[in-house]
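Undergrad: Chains as they are written, first to last, in my numbering: chain A, 1 to 168; chain B, 1001 to 1168.
What the hints contain is simulated information worked out from the structure, not anything from laboratory work. All C-beta atoms, glycine included, are put in the ideal place defined by N, C-alpha and C. Check before you lean on any hint, since a few could be wrong.
As the list claims (entries may be wrong) - Stretch-level coverage of chain B by chain A, calculated; a stretch enters the list once three of its residues show a Cβ under 8 Å from a Cβ in chain A: (1) 1046–1053; (2) 1111–1123.
As the list claims (entries may be wrong) - In the DSS-like style, the derived pairs of lysine-lysine whose C-alpha atoms are separated by at most 27 Å in a straight line are: (3) B/1164 <-> A/51; (4) B/1105 <-> B/1051; (5) A/11 <-> A/22; (6) B/1051 <-> A/105; (7) A/28 <-> B/1105.
Protein chains: 2
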Amino acid sequence: MTPPVVSIVAKSGTGKTTLLEKLIAEMKRRGFRVGAIKHDAHSFSIDHQGKDSWRLTQAGADTMLITSPAKIAMVKQHGNSEPNLDDTVATYCQDVDIVLTEGFKRSSMPKIEVHRRERSATLLCRGEQHDPNLFAVASDEHLELDVPVFDINDTTGLCDLIVKRFLS
Amino acid sequence: MTPPVVSIVAKSGTGKTTLLEKLIAEMKRRGFRVGAIKHDAHSFSIDHQGKDSWRLTQAGADTMLITSPAKIAMVKQHGNSEPNLDDTVATYCQDVDIVLTEGFKRSSMPKIEVHRRERSATLLCRGEQHDPNLFAVASDEHLELDVPVFDINDTTGLCDLIVKRFLS
Chain A
1 MTPPVVSIVA KSGTGKTTLL EKLIAEMKRR GFRVGAIKHD AHSFSIDHQG KDSWRLTQAG
61 ADTMLITSPA KIAMVKQHGN SEPNLDDTVA TYCQDVDIVL TEGFKRSSMP KIEVHRRERS
121 ATLLCRGEQH DPNLFAVASD EHLELDVPVF DINDTTGLCD LIVKRFLS
Chain B
1001 MTPPVVSIVA KSGTGKTTLL EKLIAEMKRR GFRVGAIKHD AHSFSIDHQG KDSWRLTQAG
1061 ADTMLITSPA KIAMVKQHGN SEPNLDDTVA TYCQDVDIVL TEGFKRSSMP KIEVHRRERS
1121 ATLLCRGEQH DPNLFAVASD EHLELDVPVF DINDTTGLCD LIVKRFLS
């Protein structure tokens, strides 16, 4: 069973990761198994220089896995064929109840947009283009919109909506 | 297609990771896609404190993925059900030609043992127990054994044998 996916989107610097952290923690408190996927447009580093896992990746391993009784970690090189979000969820997230993502703003997944007045006057999903996948906004100011607007700190309200829409 | 798996085993401190690095690099030079799996009996850390991917794992994500055009990284919590090596290979390594592992000394996968005289006088796979999965030894001293013994630096010879046995 492929789990539902909710994307947290925002203009850069609005605080997507902070909201995502809060939603993950709250969904875990409610007993759900949670997957989190972040898209990074640039190169990212994970792992520590000199560690064995790092050495195996540096040696050229296309797929490097390190496994212990508690967890498994993987670094896999795509070559030039980055899988799309659907495939990533299907491959790695079959064992969670819900997937919360960050940064897939052009995907057609249901979206929550984070808005902070000091960052921008306009919304990504209600600007030049009307994104039909937007189903809620987390904002630090009052907004009149065609979707529910929650206070940016109202993690409970946002999780209530996620559960009602996708996990009931 | 599940790829063949070769395990590099040794007593601790013999230099498994060093040999594994050399084998990965040589197999890559020969054009093979290589998976590497290290078993860590203890807890391991991957990722840097404070990075977004680290924050999502710390927030409680059961599965954390970070994906970019070049690569994907994952940290997945097992709970208390660490998958066995067969399942790990089947799940994560379908897109490589060969998997080289380190530290699965009790598995029934084909094995190369690394031996260094100064580390130990005896072999793990030819000591109290005779491991029938041993098919080669990389050693820094002459040994008379029932399997081929290569010089510990003879990466070419070891890769020739791996290709002949598992990839021809």
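Undergrad: Hint by hint, work out which the structure violates, then give me just those numbers in ascending order.
TA: 2, 3, 4 and 7
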